[in-house]
Every structure is written in structure tokens, then in C-alpha cells.
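Going down the list, the sequences are from chains Y and X. Under our numbering, the first residue of the first sequence is numbered 321, with each subsequent residue one higher. Under our numbering, the first residue of the second sequence is numbered 9, with each subsequent residue one higher.
Hints are supplied without guarantee of correctness; some may be wrong.
[What the hints assert, rightly or not] Calculated from the model, a selection of chain X residues having no Cβ within reach of chain Y, i.e. all distances over 10 Å:
no.	residue
1	E55
2	Q103
3	P114
4	E118
5	M178
6	D220
7	S228
[To be verified] Just some of the chain X residues that point at chain Y, by a computed CB distance under 7 Å:
no.	residue
8	Q19
9	V21
10	S24
11	G25
12	V34
13	E59
14	F68
15	P73
16	L74
17	F78
18	A147
19	G149
20	Y150
[Said to hold, decoys possible] Which stretches of chain X does chain Y cover? Using the computed rule of at least three CB atoms under 8 Å from a CB of chain Y, they are:
no.	region
21	131-145
22	164-175
23	189-198
FYI, nobody ran anything at the bench for these hints, they're computed from the structure. Since we're looking at a predicted model, the values are computed, not measured. Idealized CB from N, CA, C, for every residue including glycine.
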Amino acid sequence: MSAKFTVSFAGPLVSVQDDGRAGFMRFGVPRSGPMDRTSFAVLRRALEQNEGFAAIEVSIGGMVLKCTEGNVTAGFVGGNFSVSLDGQPQSPWSVFTIRAGSTLTIRPGLEGSWGYLGFCGKINSSDWLGSQATHLASGLCGHPLAAGATIEVSEAKVEAGFTCSLPIPDFARFSGNVRIVPGPQDDCFAPETLGALVSEPYEVTQDYDRMGMRLKGPSLTIAEELSMPSEALVRGAVQVPGHGDPIVLLADHQTTGGYPKIATVITADQDQLTQARARDKVRLVSVTPSEAVKLARAQHAKVTTYLESIAELRGTFEDRLRRSNLISGVVGDEF
Amino acid sequence: MNQSLIEPAIQPVGDSGLMVRFGAAVDPDIHAQVLEADSAISAAGIEGVTELIPSFAALFVGYDPLQTDFETVAAAVRALGPMKSKERTSGQIWQVPVCYGDGLSPDLAEVAARTGLSEEEVINAHLSGDYLLYMYGFAPGYAYLGGVPKEIQLPRKTAPVRDIPAGAVMIAGPQALVTTIKMPTGWWIIGQSPFQFLRPGEDNPFPLAVGDRVQFTRMSRDEYERAAGQGAKR
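This is chain Y alone, in the form it adopts within the complex:
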């Protein structure tokens, strides 16, 4: 059984993403995958999908889809969007079932830049180097979804038991504070410049896409003209081209570059940073590599605890009450 959708409207940069194609940076191919991997992981768990799971990454522009065929359980997680099914508001992070003829509307809400729409089933889309992740800049694995596009979900299932409203956890919200590890080319900058980076606020600009986010604040002047041979760049790298504005590299980033990197955003803060919007203020805070490793592990533990709580949040209030009664062993014979 498959379900089919027609895209009535899609904002810019709406694309199919899975976990990404890891291990091809040595051939110039970035991993791609979700901008906010944490929210994507929550959606995958909420829909009980496996490692190869692909979802639609919805940008701040939003999206409207009409289900033309089939019934399927779907979920939306990420940011704080306004989600409605046939005009009926849903919780911003929730799982619901879409039926043939229904219209799902996702509009930007109060906060957040990226959200994930997934299904109990497989989205049919292009595949390159073992991944369905769209690499927008190259077009080597599909293109952004636009009005008129059709989406087919094969092996579509209705899993009424997955229905839920999930609380938006603090760790998935843009906090305004982003921690960085200085380097590897921090020595290309004067001490005052490095000081300004962490003492003055920066602002997120409109120059923000899946490759990176340009920040505006005190200009980061390079001490001497650089002609360094290109070297590997990683997600989170804060690169400073000649214009002096820092650019944080994200999911579709270029794999190498020759501009100096003043710092790298720590793993634990990369996903929340992607939920920032243009004109949001960002305060950069410096930590050591070993502190950053500890923070990555602490963040992972928090996310794991949240993922494990999803099963408890399923169903109606009565369903949850019944389950808790089951656990404490005071429920009737019908079970």
C-alpha cells in the first residue's frame, strides 16, 4: 500500500533528507542530512522507523501538502511550527494519521527554522552513494520540493498507536548561547579580534542556507593576507573569508577551504544553532576540546532520555493512565 501527496506550496530549501552519506568527504562530498539532527532523531523514534529513514526537511517557509491517495501515519518534529490537518490545529511536535483527501499545512510559528515531516513508510526519492539526502548545491541527489511536486510513500502504514503530542524540549530550542572551541587558525587573528568574538553579540543574517550561516558583528580582520593551501572543513567550522564576517558551516558545507577557521561550534550546540532565525542574537562562548567532548556526551544523554520517554507520551490521556495502571498492576481482566 502506498500513499501519495501533491505539494500545493513549499518554501525555499524544502528537501528530502536521511541520515546523510558519511565517509565521502575525501571525494569532496559533504554528508548532508538534516540541519537539526536531534529533531530528526526524535521524529524517527516517534514513528518507530529504522536507520535508513528519510523525511522531508521543511524550512521556515513552510509547506502545504494534499494527500491524494492512501492513508498513512505521519509526524512533524522540529522548531515550533504551526501544524494543521484539514484546518484542525495539531501540536507543533506530534504524530497523526493523514487520510486520502486531507490537507496538511505547516506554517512558520513563533520560533525555529527547520522541521521534519516523516511517515510510517518509505519516501521514494533519488539515491546517490547510498543515501537519499538531497545535496542542494550540486543537485546530484534530487532537488528542492516545490509546488506541483508529488511525493510517494511506499509501504505506507497506519499506526494509530503512535499518535502523540510531544513537548518541545529545551535542548531543541535556539538558546542564544553557542559554545565554540577556538582554532585551528585562531592565530591568524589579533588577540583583540579573538576577544571581540566572545565578548560582543553577533547577529544571524539572511545569508543562511544549508551550506552555512553568516553572522554579523565585530569584523574579524585577518592579521595578514593568507595564502594557505586548502584543508578539510567540518560541520560547525567558523570560517572567516576576507569580508571579516564569520560563517558557520552546516549540513551541505564545502568539504575543504582555504580561508582561516577562527573556531568550531561544539557538537552539542550545532543543532540548536540551526533553529535560529535571521536577526536573532548569538553569543559565542569559548570552551576547551575536552569540555566540548563532555558537553557532547551530556547532550547525547539528555536526548536519549527524551527518546526513551516518547513511548510513554503516546495515545490519549486515558491511554496513558491505563498504561500506568498496567505497570502498577491494578487493571482489570480485559488486559
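Given the structure of chain Y, go ahead and fit chain X onto it with the hints provided.
Same frame as chain Y, now just chain X:
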């Protein structure tokens, strides 16, 4: 060969990687050490190491911060000992035709002005280079070639220019490359080539190997149009 036994510098990159640096120049001997470290670290199977990315003079070693940390991985890399220059085998030689001028070389005049050469001298200098494929990077199939003659080496532009089309023949410092997809770049575009460094639909999308050599040859606008037309039909 004492000069080939170099203790590399190891620097942290955020919380999930480190850079092993063998120098700061585009140099075949430094690059040979990068490739040696690439195979040695790959063979060592260090716990938690996720990805190795060789470049001109450095090797990036990525790790999973949930499994390991900078000190542990750096110690494991140091324990492999100094890297010897690998015996350089002669790679395959590829002829890459380029059409210069005729509206296909937006930066040729500027490169000539900045180097004090005529446009024809810039073209001849570019054609005279012996190019080595040092690494892939930046974007899918972008093959970084070292060996641009000194007289036409220029630093990058101060800001990248968006939407440079595939097939652009570019230079920056000692490096040259031919673009494979439309991307922003801060390099100087001096020509256009129909040669495809990236063949996404083929079993091996990256036909040139690191260590191969490239010779640029000159083609006329007519030859270019014919070759580009054939490429488009494929």
C-alpha cells in the same frame, strides 16, 4: 633520509576531529607524508575514528566524541611514529583541454593586470604547468591540482563569487582546478573545459586518482562548442 622523518603537529578541531599537519606548502614531499599518514591511520583502526580527509599538507582525522576524545586519538596517532615519505608512484597522465578567452575567461584580464603579464603569457604559463592531483575537496569531484607556475600565482579574491558554472578552469596560489558543479568560489577563472572530473552516474564517479597528473591543452572555441555539445548529449 632524515629530512623525510618529520614529527607532525597535531591540533584539535572542535570536539570531533584533529588536524595532523606536515607543513604549510603545496609540495610533493609534504603531500607524500600526508598520504602515508592516511594509509597508516586507516590501517591502525583507532577506536572511535570515523573519517580521514587528506589535503595538500594536512590530514584531518574525525572521531566520535561519544566514543573517544582528542587526547586519546592524538596519542594513538603519535604512537604510529614519524611518517616516512611514501615512494611516489607515477600516476596516470590526463590531457584536459581548455578554451581560453572568447567570453569564457571572466578573470583573465584581471590576472594579467595583477601579474604584469599579457593575457597570452598568462595562458602560456597555465599550459606550461605540470599538475599533480593532490586531493579532492570543497565540492563533489573537485580535484585540486598543484603546480601552477610561480608567475601566475595570486592569492584568492577577498570574497567568494556565487554561481560559477561547471567546467570553469580556475587558479588560486599554486592550485588549479576544473569545477564540476555550479558553486561559489574565490578563485580566478581563466578558461572553460568540457572535461568531466565528476561522473556521477558511473560506477566510479571519481575517475582521476590522487597522485595522477594533468596536462592542460589549448582548444579553440569551435572545438570547445563541439565537445561541450557532445558532453551535454551523453
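Tested hints:
1. E55: Holds: least Cβ distance 14 Å, greater than 10 Å.
2. Q103: holds (22 Å)
3. P114: P114 of chain X clear of chain Y: closest Cβ-Cβ about 19 Å, beyond 10 Å.
4. E118: E118 of chain X is indeed farther than 10 Å from all Cβ atoms of chain Y, at 16 Å.
5. M178: Label holds. Min Cβ-Cβ 12 Å, cutoff 10 Å.
6. D220: Per Cβ check, D220 of chain X is outside 10 Å of chain Y; nearest 14 Å; holds.
7. S228: At about 30 Å from chain Y, S228 of chain X clears the 10 Å cut-off, so the statement holds.
8. Q19: holds (5 Å)
9. V21: Holds, about 6 Å.
10. S24: Hint on S24 of chain X: holds, closest Cβ of chain Y at ~6 Å, below 7 Å.
11. G25: holds (6 Å)
12. V34: holds (5 Å)
13. E59: holds (6 Å)
14. F68: Since the shortest Cβ distance to chain Y is 4 Å, the answer is holds.
15. P73: With Cβ-Cβ at 4 Å, under 7 Å, it holds.
16. L74: holds (6 Å)
17. F78: Cβ of F78 of chain X sits 5 Å from chain Y, so the hint holds.
18. A147: holds (5 Å)
19. G149: With Cβ-Cβ at 6 Å, under 7 Å, it holds.
20. Y150: holds (5 Å)
21. 131-145: Satisfied; 3 residues make the cut.
22. 164-175: Three-residue rule met by the region 164-175 of chain X, so holds; n is 5.
23. 189-198: holds (count 4)
Every hint, counting from the list given before, is met by this structure.
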